[in-house]
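K.L.:
Each protein sequence line maps, in turn, to chains S and Z.
Residue 410, in our numbering, is where the first sequence stops; the numbers in between run on with no holes.
Residue 410, in our numbering, is where the second sequence stops; the numbers in between run on with no holes.
A couple of the hints might just be wrong.
Identical chains share a label here; the pair holds if one copy fits it or two copies do between them.
[What the hints assert, rightly or not] Derived DMTMM-like pairs: lysine to aspartate or glutamate, alpha-carbon spacing no greater than 20 Å straight-line:
1) K106 to D30
2) K316 to D288
3) K315 to D30
4) K83 to D55
5) K83 to D48
6) K355 to D320
Hints listed in this document are in silico derivations from the structure and should not be mistaken for laboratory results.
Protein chains: 2
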Amino acid sequence: MALLVLKFGGTSVGTIERIEAVADKVAGFRAAGDDIVVVLSAMSGETNRLTDLAQQIMDYPTPREMDVLLSTGEQVTIALLSMALEKRGVPARSFTGNQVQIRTCETHTKARIREIDGTRISAQLQQGNVVVVAGFQGVDEHGNITTLGRGGSDTTAVALAAALDADECQIYTDVKGVYTTDPRVVEDAKLLDSITFEEMLELASLGAKVLQIRAVEFAGKYKVPLRVLSSFEEGAGTLISLEGESKMEDPTIAGIAFQRDEAKLTVAGIPDIPGIAYQVIGPVSAAGIEVDVIVQNAAADGNNDITFTVKRSDSERAKKILDDLSPSLKAESVSLDKKIGKVSVVGVGMKSHAGIASKMFKALADENINIQIITTSEIKISIVIDEKYLELAVRALHSAFDLGDPDYERESIT
Amino acid sequence: MALLVLKFGGTSVGTIERIEAVADKVAGFRAAGDDIVVVLSAMSGETNRLTDLAQQIMDYPTPREMDVLLSTGEQVTIALLSMALEKRGVPARSFTGNQVQIRTCETHTKARIREIDGTRISAQLQQGNVVVVAGFQGVDEHGNITTLGRGGSDTTAVALAAALDADECQIYTDVKGVYTTDPRVVEDAKLLDSITFEEMLELASLGAKVLQIRAVEFAGKYKVPLRVLSSFEEGAGTLISLEGESKMEDPTIAGIAFQRDEAKLTVAGIPDIPGIAYQVIGPVSAAGIEVDVIVQNAAADGNNDITFTVKRSDSERAKKILDDLSPSLKAESVSLDKKIGKVSVVGVGMKSHAGIASKMFKALADENINIQIITTSEIKISIVIDEKYLELAVRALHSAFDLGDPDYERESIT
């Protein structure tokens, strides 16, 4: 008998029919003898409907009241699922974030969980009830309703699993799990049986948007076994585990992540002096622009270029800031390239394997793809290239690292 | 500077425009220097929408979960009104029933308020905030969400006014206040400046559905001055007050109430023995049928008739019960009359004035209306008549007791 925390997103509870399907699934686990805690998001579309009501009143609704408003969305789904379970003869009780005391900081609309007292939930489980908890919401120390921000329900599920020392936290989504890369780009992309937390973090932050980064961080920190799987299709999905627990046979590379919609800014010919990077990046960051890759390469002649990437939508604003700064930086030039893409090879095995970088660069060279920027971390290597080669690079790397699904049958090989 | 509790119903907050109008009204009170607590219902239609979702799952949804579901309705409106107030520069904070600890019994979907701790609200008022509270909902001693049943928001408002020792509780509705009778039946029906709690109770329970009976009882018990007035039109409405506080100059009769959709059942020729009334009424009541008027008139010959009224929709079921009982009761006959109506003359002044009954009976006799049943209480006299004379009787009595609005101008007197 296991204790499982199951999380279902908005699409999975988007209609009464789908809520009934979730109830069937939960009832199945119960029949197998497991203790179940379910975490739910709002019905898909509901958060938008509520936000729209608020914005009819004001463009920037009061954050505290926004949380009171939005938290009703999950409260509706937990009640409906509990009813659907009761209909199946499965005793169930729903609880809001406040009721199970998911304590957060006071930052409305993007609060962080501080602690969860699992005693109320444990007592309910011992009474034989399925416990259905509203995701995405909590309560601050003054009793105000808070919400956790985008994807917060994943975080709720992981935090509950940690607090209850659950055997597994299962995140049900509309994909079958984590793939070696985007199946829309590489047709034989392979569903991974398992992946480490670190790899998942790199893949998630690089655009493989299966799970919220915060939830993965949380799971890693509290060592909660996390599984991503589909609400709609059968399958065991992908287990996100501690490195030592990985069932994979020494995998070198877990997957290929990529990101479009980036832009590259270069400040060229600035002096190679202490503090110069801060003088360039500081004002951009202060303007609320998120900076992704940063590289600096000081030449021997004392001249210096700093290049960084930002979201394409922020790039004109960043350019303006740099142009204004240019005289005081004594920069030779500021340039903007909006046609770039980023590709990353991610794998915890990289730490102990030489030759990944050279294999990567060779694969790209074979396709005549010019690399504009290279950055590396312990478990990933990222490159920035001309956007038009993005898909080609992903396919070339996927193939070079033998990530393809051997069971995949190409429909028409020409 | 007064402390006012203002309650707005579903129609008054049914659209964003109307919520903005409520915010204008509240901002006006604030500008006049009053401390304000607002109690809101769900947007009109929302409760039906949520109930419909639940009933797609089960015909009789789990009461506990129904409360979790329905309580979201008010939570939406309190957030939206608080935003609308903030937009006007009026600091406002919304609170659910749980947050301000409106403690109730455990009877889901029709819980009763046990106590309210006003400290959190008082602290907010002292900080200069308008406090916006979700009506209709509370929390039981185990922290479960409860709802108060139909019209529960009125009760919330009155209970809060009592707990906070408010100067007045104002219930905003879609009528201008309490009239001497239904203006749709008697065109010169007069808006009452004030009415006593007892009169209001009799009028409300007899069909003048302006306020929930429970709220009036609560207000009477805790001596909360209660005012009914329109959300949409100007005017001071009707003050519901303790008898001694009434501003009316010794009013004999406050109004004429009436009720359609009743049916009359008579069990004739039963023995005049102790316990016989219970043998008749007990089984009907046990079947969940609400019994209204009951009269018994034992004849000198030892034979006995019991007559009572029920809702017309329950009448066939009640008849069946009585038919089955008839042999054991040794009844001569059981009869059902579905075409009756009830008219009541209500007035606290009745207690000290003779002649009300005779004036009432004369007015009906003048119109040739036959009285089938008469019952009396301290402050009302009710009669049951053939339904087709209902409007005629109401108009005749309204006129006989001089209740007409002297300022009313008849548009076309023939």
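K.L.:
Now, for every hint given, state plainly whether the structure supports it.
P.N.:
Right, here's what the structure says about each hint:
1. K106 to D30: neither (33 Å within a copy, 34 Å between copies)
2. K316 to D288: For K316 and D288, only the intra-copy Cα distance (18 Å) is at most 20 Å; the inter-copy one is 79 Å.
3. K315 to D30: Answer is neither; intra-copy 56 Å and inter-copy 52 Å both fail.
4. K83 to D55: between (42 Å within a copy, 10 Å between copies)
5. K83 to D48: between (33 Å within a copy, 16 Å between copies)
6. K355 to D320: Close neither inside one copy (41 Å) nor across copies (93 Å); limit 20 Å.
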